[in-house]
Amino acid sequence: FAESGGGVGYTLKDPNRIDEVVEEAMAQDRASIVNVYVDPNAAPLPGKIVKDEAINYGKWAYRSITEDKKLDLDEIPPMSTAVKRFF
Numbered sequence: 545f546a547e548s549g550g551g552v553g554y555t556l557k558d559p560n561r562i563d564e565v566v567e568e569a570m571a572q573d574r575a576s577i578v579n580v581y582v583d584p585n586a587a588p589l590p591g592k593i594v595k596d597e598a599i600n601y602g603k604w605a606y607r608s609i610t611e612d613k614k615l616d617l618d619e620i621p622p623m624s625t626a627v628k629r630f631f
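To convert, take the position in the sequence shown, counting from 1, and add 544; that gives the numbering used here.
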């Protein structure tokens, strides 16, 4: 899509390469699009969340850990990031 408009397109499937790909895209002298694949099973969180959303996310995370064994604890954002989403 990007190339059809004269730009540069990137596809990112490996999260370990995000810095590399974004830096390369930003270094271009023309428009760039980075298509990033994400985990379709991850719970989506908006930029800012309200109390009810936080409670429901907590319930989902608890079930994922105790019942489904699916939650990767390394993917949970740092507490400072989670707190900032409330404000």
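Treat the hints with caution; some may be incorrect.
Pair by pair, the computed Cβ-Cβ distance ranges are [said to hold, decoys possible]: (1) A571 with Y601: 35 to 41 Å; (2) E547 with V594: 23 to 29 Å; (3) S624 with R574: 33 to 39 Å; (4) P559 with K595: 26 to 32 Å; (5) G549 with G591: 25 to 31 Å; (6) E568 with A598: 32 to 38 Å; (7) T610 with G553: 39 to 45 Å; (8) Y601 with P559: 17 to 23 Å; (9) K595 with G550: 44 to 50 Å; (10) N585 with I562: 18 to 24 Å.
In silico EDC-like links for lysine to aspartate or glutamate, alpha-carbon gap of 20 Å or less [claimed, not checked]: (11) K557 with D583; (12) K557 with E567; (13) K557 with D573.
No lab work stands behind these hints: they were computed from the structure.
Built from N, CA and C at the ideal position, the CB exists for glycine as well.
### Task
Would you pick out the hints that fail for this structure and give their numbers low to high?
Going through the list in order, the structure violates hints 2 and 13 and respects the others.
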